[in-house]
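For the protein sequence lines, the chains are X and B, in the order given.
Per the working numbering, the very first residue in the first sequence carries number 1; after that it's consecutive.
Per the working numbering, the very first residue in the second sequence carries number 1001; after that it's consecutive.
Treat each hint with caution, since some may be false.
[As the list claims (entries may be wrong)] These stretches of chain B come out as covered by chain X in the derived footprint (C-beta under 8 Å, 3 or more residues):
(1) 1010 to 1021
(2) 1097 to 1111
[To be verified] Counterexamples of contact, computed for chain B against chain X with all Cβ distances above 10 Å:
(3) Asp1027
(4) Glu1052
(5) Gly1053
(6) Gly1061
(7) Asn1070
Note that these hints are calculated values from the structure, not bench results.
Just so you know, even glycine gets a beta-carbon here, dropped at the ideal spot from N, CA and C.
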Amino acid sequence: GQQVMQIPQYQHVQEGEDFTTYCNSSTTLSNIQWYKQRPGGHPVFLIQLVKSGEVKKQKRLTFQFGEAKKNSSLHITATQTTDVGTYFCAGPQGGSEKLVFGKGTKLTVNP
Amino acid sequence: GAVVSQHPSRVICKSGTSVKIECRSLDFQATTMFWYRQFPKQSLMLMATSNEGSKATYEQGVEKDKFLINHASLTLSTLTVTSAHPEDSSFYICSADSSRAQHFGDGTRLSIL
Chain X
1 GQQVMQIPQY QHVQEGEDFT TYCNSSTTLS NIQWYKQRPG GHPVFLIQLV
51 KSGEVKKQKR LTFQFGEAKK NSSLHITATQ TTDVGTYFCA GPQGGSEKLV
101 FGKGTKLTVN P
Chain B
1001 GAVVSQHPSR VICKSGTSVK IECRSLDFQA TTMFWYRQFP KQSLMLMATS
1051 NEGSKATYEQ GVEKDKFLIN HASLTLSTLT VTSAHPEDSS FYICSADSSR
1101 AQHFGDGTRL SIL
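Start from the sequences, fold in the hints, and give me the full structure.
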């Protein structure tokens, strides 16, 4: 079945350092979504990318969707302690509304 | 907008008890809602798709008689864990689709003693 792989599983950085998480799908995706889950919280929608090669920015966060629409990345510039949490990518399963989630990348930031 | 409310947030009960979890879309209608289970330090595992006015669609390996889902209105889906046992202890989260994104409830942490 469709798989969404995400690396790294864990990332520990010093505050101010950059951070990147990578997502790869076994199938071409119509879109890819990113979510953030704070410790003890629920996933919160960050962004959706639809177009091949699309790049979107949200302040210090940069999201990219690969040309083949099978991979994506999230890059955070100059991390802050408020960035801690687990970042998940997710892609639709086939033509349905169901999402297949990656395993997530847990980010910890040392102040 | 797109707020999903889930209740209760935490349940601790004895083995054999049935537990009902409610998921409400507060400011939008949701013909489809999703129920996930999340084990500690792991990703979200889709359990079932809840369809308003019809039967839920369960993922492979999820017992439909164990996890009863009812989606009686466009704003409410319920998940009942029947005769819960310690292995059912987990974090259960619902979501509803709005504006091409899924919006999650706060989750229910279920602990079966």
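Hints and how they fare:
| no. | hint | result |
| --- | --- | --- |
| 1 | 1010 to 1021 | violated (count 0) |
| 2 | 1097 to 1111 | holds (count 9) |
| 3 | Asp1027 | holds (15 Å) |
| 4 | Glu1052 | holds (13 Å) |
| 5 | Gly1053 | holds (16 Å) |
| 6 | Gly1061 | holds (12 Å) |
| 7 | Asn1070 | holds (19 Å) |
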